[in-house]
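A.B. asks: Each chain, letter by letter, is given below.
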Amino acid sequence: MIHKIFLIAFALSIAIGGGAASAWMMIDRGFGFGAVDVGAWTAFPDRGTPAADPYSRARFARQGYLALGQAEGIAFTAARDTLGQPLSSSCTYQVEGPIPPSRLWTLHAARQGNGGLVPAGGALNSLAILRREDGSFDIPVSRDPHPGNWLRLTGTGEFALVLALYDTAVATTARAVDVQLPLIRRLACD
Amino acid sequence: MSSSPLFGGWPVTRFAYALLIGVVGAGIVHIAILFLLPYLAERDAWSRMAELGEVHETLMIEGEEANRLLANPDPLFLAAACRFDLDEGPVRIHAPDRVLFWSLSVYDRMGQNIFSLNDRTASEGQLDIVILKPVQMLDLRHAFPEDFATSIFVEADLEAGTAVIRSFLPDESWRSRVGDYLRSVSCDPY
Chain A
1 MIHKIFLIAF ALSIAIGGGA ASAWMMIDRG FGFGAVDVGA WTAFPDRGTP AADPYSRARF
61 ARQGYLALGQ AEGIAFTAAR DTLGQPLSSS CTYQVEGPIP PSRLWTLHAA RQGNGGLVPA
121 GGALNSLAIL RREDGSFDIP VSRDPHPGNW LRLTGTGEFA LVLALYDTAV ATTARAVDVQ
181 LPLIRRLACD
Chain B
1001 MSSSPLFGGW PVTRFAYALL IGVVGAGIVH IAILFLLPYL AERDAWSRMA ELGEVHETLM
1061 IEGEEANRLL ANPDPLFLAA ACRFDLDEGP VRIHAPDRVL FWSLSVYDRM GQNIFSLNDR
1121 TASEGQLDIV ILKPVQMLDL RHAFPEDFAT SIFVEADLEA GTAVIRSFLP DESWRSRVGD
1181 YLRSVSCDPY
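First to last, the protein sequences are chains A and B. Terminal number for the first sequence in this note's numbering: 190, no gaps in between. Terminal number for the second sequence in this note's numbering: 1190, no gaps in between.
Honestly, the hints are just simulated from the structure, not real lab data. For each residue, glycine too, the CB sits at the ideal point set by N, CA and C. Hints should not be assumed to be uniformly reliable.
Unchecked claim - Covered stretches of chain B (chain A as the covering partner; in silico rule of three or more C-beta atoms under 8 Å from a C-beta of chain A):
1. 1067-1078
2. 1152-1162
3. 1168-1180
Okay, chain A solo, but in the shape it has when bound:
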């Protein structure tokens, strides 16, 4: 009799404890299912839509965010430079290279907030970018002022860059994997 009670309690504790713990871990960590990686940049075109996988759907519901729609645009984030080093506020970076066709784009610096990334520092947009004669441009990202398209950093520690493209054809997973995005090159560190 005591065997039976022990075995039932054992099975139940594994079922409830293990099931809850594993679900919690997978949802909380948010393994990057559905991520589109392009160089240093990552986007989640399906996140916050009915097409998302159940894990990111559960995670998203818990965070309570409203995601950018496909006809609105797509946001790529980068927490590392092109060589894979974490972006640090004490360094100067150069963002250069092609940006996919879109009606307008914005680039801003952000930091990890309670749930997701929150803006911290400067922001630039495609209408106010200084270009060379061939249309190309580069963006120095630094705490110290730079000539040209300076993107201002504030504070210390790690940061992320968010490149948001609005009214663009690349806002779906199928198209987003083929795009070319700018390189993030580290120039110098304090």
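Using the hints, position chain B against chain A.
C.D. replies: Showing chain B alone in chain A's frame:
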């Protein structure tokens, strides 16, 4: 008693059997949590917005609120949002003025993005959208109101939901203009 080998006086096969049931149970609990969480989440976008204002009231989503409600909030955009209840009739989202760029997303009660469009999809760039249930669309076809001649109709199988309107802020001098535009957005049942 079974003829299984004993392990410290315990039948090993029974123990393994209980373990197996426990693991299968853990799988069921894991999946149940995963799929129930979106329905049970209490801090979802809808309830956060309920703290800020009434249903059918247009709310500016700025600063801290934008960081809490929007995925990847863009510092170069202003956003307004309203919750709507289709049981009170079709809801019309309308703004009299025009701005440089706006986009709109419709979210279901759980905060999933089900529809989006931008000013280029809309007729003459004007924000004039009617969200309704398929059965309300049938009713409307019988007696089509003239006010709706240029509206875009979004048939959605929803009881209630949220709409978010985002508008581009090229620089600070636009803040009051874009802010006034978003505050003028109406979100009333018809």
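A.B. asks: Examine the segment 1067-1078 of chain B: at least three residues should have C-beta closer than 8 Å to a C-beta of chain A.
C.D. replies: holds (count 11)
A.B. asks: Residue count check for the segment 1168-1180 of chain B against chain A: does it reach three with CB-CB under 8 Å?
C.D. replies: With 3 residues closer than 8 Å to chain A, the segment 1168-1180 of chain B meets the three-residue bar; holds.
A.B. asks: Counting residues of the segment 1152-1162 of chain B that have a beta-carbon nearer than 8 Å to any beta-carbon of chain A, does the count reach 3?
C.D. replies: violated (count 1)
Violated hint for the displayed structure: number 2, the only one.
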